[in-house]
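Participant: The lines below spell out each chain.
Protein chains: 2
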Amino acid sequence: MSNILTDDPGYKYHEKTPKIDAKEFQKVIDSRRAVRIYEDEPIPEKVIKQCLHNALMAPNSSNLQPWEIYHIVDPAIRNQMNKACLDQIAARSAATLFVAVARTNTWQQHAQEMVKLFEAAGNVPKAAISYYKKLVPFVYNQGFFGLWGIIKRLLFFIRGLSTPVIREPVSQCHIKIWAVKSTALACQNLMLSLRAYGYDSCPMEGYDSKRIKKILNLPKDAIVVMVISVGKRAVGGVYGPRIRFDESRFLKKV
Amino acid sequence: MSNILTDDPGYKYHEKTPKIDAKEFQKVIDSRRAVRIYEDEPIPEKVIKQCLHNALMAPNSSNLQPWEIYHIVDPAIRNQMNKACLDQIAARSAATLFVAVARTNTWQQHAQEMVKLFEAAGNVPKAAISYYKKLVPFVYNQGFFGLWGIIKRLLFFIRGLSTPVIREPVSQCHIKIWAVKSTALACQNLMLSLRAYGYDSCPMEGYDSKRIKKILNLPKDAIVVMVISVGKRAVGGVYGPRIRFDESRFLKKV
Chain E
2 MSNILTDDPG
12 YKYHEKTPKI
22 DAKEFQKVID
32 SRRAVRIYED
42 EPIPEKVIKQ
52 CLHNALMAPN
62 SSNLQPWEIY
72 HIVDPAIRNQ
82 MNKACLDQIA
92 ARSAATLFVA
102 VARTNTWQQH
112 AQEMVKLFEA
122 AGNVPKAAIS
132 YYKKLVPFVY
142 NQGFFGLWGI
152 IKRLLFFIRG
162 LSTPVIREPV
172 SQCHIKIWAV
182 KSTALACQNL
192 MLSLRAYGYD
202 SCPMEGYDSK
212 RIKKILNLPK
222 DAIVVMVISV
232 GKRAVGGVYG
242 PRIRFDESRF
252 LKKV
Chain P
2 MSNILTDDPG
12 YKYHEKTPKI
22 DAKEFQKVID
32 SRRAVRIYED
42 EPIPEKVIKQ
52 CLHNALMAPN
62 SSNLQPWEIY
72 HIVDPAIRNQ
82 MNKACLDQIA
92 ARSAATLFVA
102 VARTNTWQQH
112 AQEMVKLFEA
122 AGNVPKAAIS
132 YYKKLVPFVY
142 NQGFFGLWGI
152 IKRLLFFIRG
162 LSTPVIREPV
172 SQCHIKIWAV
182 KSTALACQNL
192 MLSLRAYGYD
202 SCPMEGYDSK
212 RIKKILNLPK
222 DAIVVMVISV
232 GKRAVGGVYG
242 PRIRFDESRF
252 LKKV
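If you're matching them up, the sequences are chains E and P in order. Each number in our numbering comes from the position in the first sequence (counting from 1) with 1 added on. Each number in our numbering comes from the position in the second sequence (counting from 1) with 1 added on.
Treat the hints with care, as some may be off.
Same chains, same label: a pair holds when it works inside one copy or across any pair of copies.
Claimed, not checked - Heads up, simulated PhoX-like pairs for lysine-lysine below, C-alpha to C-alpha not over 25 Å straight-line:
1) Lys211 x Lys254
2) Lys221 x Lys211
3) Lys233 x Lys24
4) Lys135 x Lys50
None of these hints come from the bench; they were simulated from the model. These numbers come from a predicted model, not from an experiment.
One chain only, chain E, in its complex shape:
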């Protein structure tokens, strides 16, 4: 997500957009439903690979890629995962499970690697390198016991009296929200991709995150964002027509 430069850097790089048959895309959006009962049919490895790749093509905050996706293949772990998902049928009947995880402390390493990549490339503007070298640590660090976050909050408040300033992240909660946000974008890429390639999914939140962290041996900073069950929909697997409240409640023109 964009944070860096306020002025046109005069790049000449260009990626032409392809001609796309939007009707095919629209079918993906329209036919994606939360599927809770699946056929007993595996998903081809090729499809899984492409869909996971697509997940990582989602936009993400400052390209710091704070995500991980665990693909559950071991039958014993799968069994534990079903239980951690409270044995709900959306987990139990699925061909396979993915666990989307947000990481709140990988940004440091990733920022350093962006610097290395940019320096190696040779033609990257200094402002972009400085962004990862200086601004990213300034913005994302919360300091010991969140103390630096509190100081930043005060600094931003004072500076914000006279001029627009970025207000977040200045707490551990903000950092979590930040990491979860990018990871959710990846999840939606994953679920739409599965649909496009002929498969269905169910994003689940009804699980024991503590047990999942233990099962997957996740580090302390990891957040389980959602478990995505996957397979081919069985009859009765979509529980009913899609319900949405009136759009005027959510879409505002100002």
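Keeping the supplied structure of chain E fixed, place chain P upon it in accordance with the hints.
Facilitator: Showing chain P alone in chain E's frame:
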């Protein structure tokens, strides 16, 4: 997202999946880039309408739809919004701006309306009605000063010693994460849809959330999730080839 039923309710409802040309979908994923400089060209109202509709078709937590999207059309507000986005060119040069907002206190009203809809339908299982009537308030309420959240945390801890339990949300931060997560899913639907219909976008986090809340007159519980600028990419608007670290860092088979 699925939380409700652990057993096959024996529904007979079915939605057949359409035949989809996945190549067209793949082009959407592949050609979506963060675009920071746009052509001076408006987006047809029909495209905006369809893309915003698609955003609301994203999966969301218990169908509680904790999202809102503001479409900035008024020139004076647009001007204020550009400033709140620190005058970055991704905002300034855009044909239009969307602001994705997560709401942390609309779930109560939405749960009640789900009950009404289900009761009016007549054929919805009692478990589903009870889910919105009883479980949703139990799960999402945090109580006065978060006290109920703290009690729940303790209850879940004790019960969790012997059996898998849902651990979240038991704090105001969890509720925020919860609402942001669903809203981010909608954002990705929006950005991919724009791409499918021939337009580009940039998800921005470099903004003054306090000023945006004031400009849009947002209630206290609202969280600005991202500002999405939109338009047709100009040459130089994509700053360089897509950079992702090695996939093996993020994709784990367990």
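Participant: Hint by hint, note whether the structure agrees.
Facilitator: Checked hints:
no. : hint            : verdict
1   : Lys211 x Lys254 : between (41 Å within a copy, 20 Å between copies)
2   : Lys221 x Lys211 : within (10 Å within a copy, 31 Å between copies)
3   : Lys233 x Lys24  : both (22 Å within a copy, 20 Å between copies)
4   : Lys135 x Lys50  : neither (35 Å within a copy, 40 Å between copies)
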